Each structure stands twice: as structure tokens, then as C-alpha cells.
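Read off the chains here:
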Amino acid sequence: MSIINNINKAFDHRIRLGIMSVLMVNEKTDFKELKELLGATDGNLASHAKALEKETYIVVQKSFIGRKPNTSYSATRKGKTAFKKHIEALEKLLGNN
Amino acid sequence: MESKKYLDDIASIKTMMNKSSRFMSISGLSGILAGIYALIGACAAYIVLGDQQLSTIGREYAPVSRLINIYVGHPSGTKLALIGFTVLCAAIITGVILTRKKAKKQGERIWDSSSKRLIYNFAIPLCTGGAFCVILLQYGLIGLVAPTTLIFYGLALINASKFTLGDIKFLGIANVIIGLVSTQFIGYGLYFWALGFGVFHIIYGSIMYNKYERNL
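Protein chains in written order, with my numbering: chain A, 1 to 97; chain B, 1 to 216.
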């Protein structure tokens with residue numbers, strides 16, 4: 001039962017899983033790059049990022065590169081811990097079957 | 001049913017972590033070709049040098065400007081520089097073309113943050129080594145130049161291995177080892193160069209080609 005509890009509903013989508021995976025190994029990734037990596041549309045990525053942001057698993061930084069606005073994301077410590085737990089839970093579930 | 005989904009999840013997490021942090025399109029074939037160029041270059045240098053030794057400047061410290069003068073004044077200096085430059089250009093151009101081709105096949109972009117990070121991390125040890133070689137020449141320690149290039153090139157590869165195919169680390173370790181060994185055989189630098197930059201690249205490139213590209 002406890003294993004099932006660790007499966008985090010917040011990560012239960014391909015795009016969200018992708019966002020977290022990328023941000024686990026990169027300090028910071030910008031919107032455009034994430035979009036290309038995950039093969040997501042603007043709206044799709046934005047809404048999933050928003051969901052993760054709400055959980056404070058990731059933070060958004062908005063800045064300007066020259067005159068162009070640039071949005072980049074990074075994972076919070078809370079997000080990283082939660083994602084690690086999620087992966088461990090997945091692995092345990094697979095090990096048990 | 002459920003476990004299939006979890007398995008897919010784990011697989012996609014791994015792929016995403018790798019894809020976003022490592023540049024995977026380095027071509028093995030270009031490694032083989034670079035090795036062949038290096039061997040041709042080493043043969044050419046051997047012929048140019050004949051039985052003469054590269055003259056050392058003596059034990060005194062020489063400023064860079066004097067170093068250049070001595071080098072240009074040396075009978076084989078310009079020829080050797082030309083050989084080195086040609087080999088380097090040929091290897092880089094081949095590498096870029098083949099890597100671009102492989103990236104296209106894999107649907108990866110050649111100039112993104114992962115390739116930039118790779119080049120940056122490769123360049124730091126390499127440029128340090130280059131600068132250090134100039135310093136060795138300034139003190140007339142010409143015999144240590146070949147070992148130093150091999151050692152620093154190896155370290156650059158080891159550093160870069162975190163940002164591309166991990167296997168490149170073994171090529172790096174091999175180069176560091178023969179770099180250290182060659183310090184005990186001063187005067188045979190060209191042979192060790194041919195081994196490290198030539199033979200090792202061909203072996204490494206063949207292994208990579210078989211492992212990653214043949215079935216692409």
C-alpha cells in the first residue's frame with residue numbers, strides 16, 4: 001500500500017514526466033528547448049508546466065535575452081525529492097511483478 | 001497492463017535525461033577517418049624530419065616572440081606546422097560533416113545546448129594543455145610536448161565523456177596512459193602520437209561504429 005502512495009499523481013503524464021526528467025539533469029532549461037525535446041505544443045507544455053509549478057516542483061524564471069522575453073524552468077529541491085520517490089516507487093512496483 | 005505503463009515511464013525518463021544532457025550524435029566513422037589522417041600526418045612528419053632532431057632552444061627561458069622566430073627559422077618548422085594544420089582541419093571538417101549527417105538521421109540538432117556544453121567541457125582541458133605546451137617550449141623542454149598533448153587530450157576526452165557517449169572515456173584513459181608512458185621514452189614522441197591519435201582513434205571509431213551506427 002505504501003508503495004502505491006508514493007506513485008505521484010502530479011507526474012502521471014508523459015509531458016510532466018518529461019519536464020521533470022529534463023530538469024533533474026539540467027540546472028535550467030528554457031521553454032523552447034523543452035518544447036523541442038518533448039515534442040509538445042506551446043499550450044500543452046505551458047499547461048503541464050503550470051501544474052508542476054502549482055505543486056512548487058518547478059520554478060519559472062522570466063528574463064530578457066536582448067529584447068526577446070525568455071522563459072526558463074528549473075526544478076526545486078522539493079520537486080527533485082518528489083520525483084526521486086516517484087521513480088523509486090515505479091521501480092519497486094516493477095520489481096514486485 | 002499497469003506494469004507495461006510503468007516500464008514505459010521509466011524508459012522515457014531515462015531517454016529524456018540522456019537526450020537533454022548528452023550530445024549523442026558524435027560519429028564513430030569520423031573517429032576512424034581522423035585516425036587515418038593522423039597516421040598519414042605522422043608518416044609525412046617522419047619523412048620531413050628524416051634523422052634530424054627538432055632543436056631545443058636551450059635551458060634559458062624564451063619569450064613567445066623568440067619562440068616563433070626560432071620555429072620559423074628551423075628548416076622543417078613550416079612544413080611540420082603545415083602538416084599538423086592540414087591534419088587538424090581535415091579531421092574537424094570530416095567530423096562536422098559526419099556528425100551532422102548522423103544528427104539528421106537521429107532527429108537531433110547539431111547546435112543545441114547539449115553540443116555547446118560538450119564543446120565547452122572538451123575545450124577547457126585541451127586549451128590548458130595547448131598553453132602548457134607553449135610554456136614547455138619556452139623552457140626548451142621540447143621532448144615533453146608530445147606526452148603533454150596526449151595527456152591533456154585524454155583528460156579533455158574524459159571530461160567530455162559526461163556530455164556525450166560515455167564510451168569516449170576509455171579513449172581518454174588510453175591516451176592519458178600512453179602519454180605518461182611516453183614521458184619515459186623522450187625522442188620517440190612521433191611514434192606515441194601515431195599510436196594515440198592514429199591507432200587508438202581507428203580502434204575506438206570502429207568499436208563505436210559497430211555499436212551505434214551500423215544498424216542506424
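Please note that a few of the clues may not be correct.
If you want the footprint, here are the derived chain B segments under chain A, 3+ residues with CB under 8 Å [what the hints assert, rightly or not]: (1) 154-168; (2) 202-209.
In silico lysine to aspartate or glutamate, EDC-like type, Cα no more than 16 Å apart, as pairs [as the list claims (entries may be wrong)]: (3) B:Lys162 - A:Glu27; (4) B:Lys5 - A:Asp12; (5) A:Lys80 - A:Glu27; (6) B:Lys19 - A:Glu36; (7) B:Lys4 - A:Asp30; (8) B:Lys14 - A:Glu88; (9) A:Lys32 - B:Asp112; (10) A:Lys35 - B:Glu213; (11) A:Lys80 - A:Glu53; (12) A:Lys9 - A:Glu53; (13) B:Lys14 - A:Glu91; (14) A:Lys35 - B:Glu108; (15) B:Lys101 - B:Glu213.
Here are the computed distance ranges between Cβ atoms for each label pair [claimed, not checked]: (16) A:Ser63 - B:Phe132: 36 to 42 Å; (17) A:Ser63 - B:Tyr46: 53 to 59 Å; (18) B:Leu88 - A:Ala46: 43 to 49 Å.
Rather than coming from a laboratory, the hints here were simulated on the basis of the structure. Given the structure is predicted, the values throughout are model-derived calculations rather than measurements. Built from N, CA and C at the ideal position, the CB exists for glycine as well.
So, going through the hints one by one against the coordinates:
1. 154-168: violated (count 0)
2. 202-209: Since three or more residues must qualify, the claim that chain A covers the region 202-209 of chain B is violated, with 0 doing so at under 8 Å.
3. B:Lys162 - A:Glu27: holds (15 Å)
4. B:Lys5 - A:Asp12: holds (10 Å)
5. A:Lys80 - A:Glu27: Given pair lysine 80 of chain A, glutamate 27 of chain A holds - Cα atoms ~12 Å apart, limit 16 Å.
6. B:Lys19 - A:Glu36: Distance ~11 Å between lysine 19 of chain B and glutamate 36 of chain A Cα, so the pair holds.
7. B:Lys4 - A:Asp30: Since the Cα atoms of lysine 4 of chain B and aspartate 30 of chain A sit roughly 31 Å apart, the hinted pair is violated (cutoff 16 Å).
8. B:Lys14 - A:Glu88: holds (13 Å)
9. A:Lys32 - B:Asp112: holds (11 Å)
10. A:Lys35 - B:Glu213: violated (27 Å)
11. A:Lys80 - A:Glu53: Within the cut-off at roughly 13 Å; holds.
12. A:Lys9 - A:Glu53: holds (14 Å)
13. B:Lys14 - A:Glu91: Judged against 16 Å, a Cα distance of about 13 Å means the pair holds.
14. A:Lys35 - B:Glu108: Holds - the C-alpha atoms of glutamate 108 of chain B and lysine 35 of chain A are around 13 Å apart, at most 16 Å.
15. B:Lys101 - B:Glu213: holds (11 Å)
16. A:Ser63 - B:Phe132: 36 to 42 Å: holds (38 Å)
17. A:Ser63 - B:Tyr46: 53 to 59 Å: holds (55 Å)
18. B:Leu88 - A:Ala46: 43 to 49 Å: holds (45 Å)
Against the hints set out earlier in the document, violations occur for numbers 1, 2, 7 and 10.
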